[in-house]
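Chemist: Let chain C serve as the given structure and place chain V on it in line with the hints.
In order, the protein sequence lines correspond to chains C and V.
In terms of the working numbering, the first sequence opens at residue 839 and continues consecutively.
In terms of the working numbering, the second sequence opens at residue 839 and continues consecutively.
If you're looking for bench data, these hints aren't it; they were derived computationally from the structure.
C-beta atoms are modelled at their ideal positions from N, C-alpha and C, and glycine is treated no differently.
Hints are supplied without guarantee of correctness; some may be wrong.
Pairwise CB distance ranges (calculated) [what the hints assert, rightly or not]:
id, chain 1, residue 1, chain 2, residue 2, range
1, V, 1188, C, 959, 17 to 25 Å
2, V, 1164, C, 1120, 51 to 59 Å
3, V, 1192, C, 1039, 46 to 54 Å
4, V, 970, C, 1164, 39 to 47 Å
5, C, 854, V, 1182, 24 to 32 Å
6, V, 970, C, 1187, 41 to 49 Å
7, V, 1186, C, 935, 36 to 44 Å
8, V, 1182, C, 1039, 36 to 44 Å
Number of protein chains: 2
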Amino acid sequence: MSALCFPRGFRAATVGAAIKKAGRDDLALLYMPEGATAAALFTTNLFCAAPIHLSRQHLKDSHGHASALLLNAGCANAATGALGASNAMECVETIAQSLGVHALSVLVNSTGVIGTQLPMQRIVPVLAPLAIAALCAEENASLECYARAIMTTDTKPKMSAREVVVDGQTVRVSGVAKGAGMIHPNMATMIAVVMTDAQLTARELDMLLRDAADRSFHRISVDGDTSTNDSLFAFASGKASRVDPELLRRAIVEVCQDLARMIVTDGEGFTRSMSVRVQGASTKEEATTVAKTVAQSLLVRCAVTGGDPNWGRIVAAAGRAGVRFDPSELRLYVGGIEIFAHGQPLACDASAVLAAFNGAHVEMMLDLGATTGAVGDSNADEYLTSGLTEEYVRLNADYTT
Amino acid sequence: MSALCFPRGFRAATVGAAIKKAGRDDLALLYMPEGATAAALFTTNLFCAAPIHLSRQHLKDSHGHASALLLNAGCANAATGALGASNAMECVETIAQSLGVHALSVLVNSTGVIGTQLPMQRIVPVLAPLAIAALCAEENASLECYARAIMTTDTKPKMSAREVVVDGQTVRVSGVAKGAGMIHPNMATMIAVVMTDAQLTARELDMLLRDAADRSFHRISVDGDTSTNDSLFAFASGKASRVDPELLRRAIVEVCQDLARMIVTDGEGFTRSMSVRVQGASTKEEATTVAKTVAQSLLVRCAVTGGDPNWGRIVAAAGRAGVRFDPSELRLYVGGIEIFAHGQPLACDASAVLAAFNGAHVEMMLDLGATTGAVGDSNADEYLTSGLTEEYVRLNADYTT
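One chain only, chain C, in its complex shape (with noise of 0.2 Å):
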């Protein structure tokens, strides 16, 4: 871990707009001075957000290439039809402007409620007076008022950083990110962006943030829900020099996972994380489907609040994945005891493993038993995600217009 700061050749400002209302910053303009190149990841959500229609095309056009990305919170601009498309361009045109840029290097993304326009009356206004104050900005800034001006229902705000030192070069990299789960009423959601100062083409950057989303992001659960806003971000300023690449793979993978773990750790009506990890499948794709169904099983995350030992209920969701393995072979291990195996349940010390679903983290383990000898990546995988609370349905229920 590091100082949460930007890498070189990243400036930010934030000001605040009231969206959704006012007294806190609302809109956040990161500004690469001498550009960047950039990837990004978006929702497979058929009703992906105007903005987010409006950053795949300016990221194609632009053969991943960006000088700055725009983010409000409050309002998500999603489901809102031709005026919300040309909201989002007129957001994005505005900033190009007053940065002196290219409109399609300019990218953008909204969260908060679907289905209401952008307030643009008090957007508009303030749009030059933010790009002015990133193009002020200073270097090596800290992290936290960016992170903080994306924030919904997050109770704090979710940075990460790690240095890579080659040759007593630095190479940074850092990352934000606000709220998974399409968390509050109407929310839409999740946004992280990763930045570094590495040199790095588009087409690098695109395999590292792929690799490491399928590492973290694509690895956690709130509530299953995709958003029609998720989307990540990362940016290469290039401003320092070439680095192996295996550290630069491993920081950015880190910075993805602590960026992940801080999103299931503050969902709603959080009270204790689970990690689901299966071992022994026939392929990589069956053990990811084994563990996402154990993770998200209504049952399981209730016992997990509840510190309940229903260990009934994960060999039960495990059985109903829709994957084929014999369920004679399998061993269910949470918080390392063995507890069942040949088709039975064990002896074993009741008191530990009450207190194994008792702890801050519950930790399964399924071997499915189709492999011998040394287990890899190629045929395990996890998730992890948190309990289901009466909180989190009091959050999502209780909101009337």
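Modeler: Only chain V this time, still in chain C's reference frame:
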């Protein structure tokens, strides 16, 4: 609807064996003195319970013939290994001997806690008396005692019956069920029994049962967890005359739909039901996938509980279902009011929309717009479920051993 009685050719008896707790009947024997054609659908869970393995084998070896069905509540006899299998077999053989029928003609299933063995010391002594009671039982008796004996956390017995009258001859279809969702801690779960005195071959009965299940039990969801013991049995005693196949088919479908509805509205923590109809899909399968995804969305289900007109969540859930459709063609109706079309919200009466989200039942309809003209069952499907409540989470979390 007709009197809630058994059809001709069916007798039943129940007895208390204190399997989980004393003070109630928890063993139920259905007896067909002259035998019956038999069909069944069983859970697809790999960890299917010992009695299901046995019943599946008996159905196969008997070529769809049965004389009796033994059910118990309080213990699922699932994840119980070799001892569980021999216990199920011992129950079946004792019943067969007492009734004077071949063991192959006796089916069995259990419902209750996963991972504990049947208390054979309490069950075995009451099996012969139970069989004698069934031998002596009246025909045309009420379904109620039988339906009560298989209850677990159900708050009411679930029964339905229909009569088809042709040329002055009456054919009866009767059914009982117990609750769905792997409801209470470790519970494992749905059992339904459909009985008719119609004359049907095993193959005809099997086809009718599959068709009815597709239109009822396979179209409901309480929490998405397929249990280790889910089963649907059907028996035809042949004591009545043959009847118009379409009328009989409809009666069986209606009985199954009645029972399925009762299961949803008696689910744990139930406050409000919701239905999701999808039409205008490219294929039936795509309609099913979208309807199921919306029906299982935690956020949609939370909004229904809160009576919150969060239509954005419905649209977003449809958009992440993995089905390709043109989002600008989707139309969303709730309680008959068109809320969303052409990719954006429509102007509509907010108080009427609020009322549609606050009734006893919330009816959602999504037209994917992939087809024009007459809309039939070929590209439509419907799911029935309930709002997700804090009470559901509480019941499934606050159980400690």
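Chemist: So the hint says 41 to 49 Å: do the beta-carbon atoms of residue 970/V and residue 1187/C match that?
Modeler: holds, 45 Å
Chemist: Given the range 36 to 44 Å, decide if the beta-carbon distance of residue 1182/V to residue 1039/C lies inside it.
Modeler: holds, 39 Å
Chemist: Verify the CB-CB distance for residue 1188/V and residue 959/C against the hinted window 17 to 25 Å.
Modeler: holds, 22 Å
Chemist: Quick one: are residue 970/V and residue 1164/C within 39 to 47 Å, going by C-beta?
Modeler: holds, 42 Å
Chemist: Between residue 1192/V and residue 1039/C, is the Cβ distance one that fits in 46 to 54 Å?
Modeler: Holds: the Cβ-Cβ distance is about 53 Å, inside 46 to 54 Å.
Chemist: Mind checking the hinted window 36 to 44 Å against the Cβ distance between residue 1186/V and residue 935/C?
Modeler: holds, 38 Å
Chemist: Confirm or reject the claim that residue 1164/V and residue 1120/C have a C-beta distance inside 51 to 59 Å.
Modeler: violated, 37 Å
Chemist: Given a hinted range of 24 to 32 Å, is it respected by the beta-carbon distance of residue 854/C and residue 1182/V?
Modeler: Holds: the Cβ-Cβ distance is about 27 Å, inside 24 to 32 Å.
In this structure, the one hint that does not hold is number 2.
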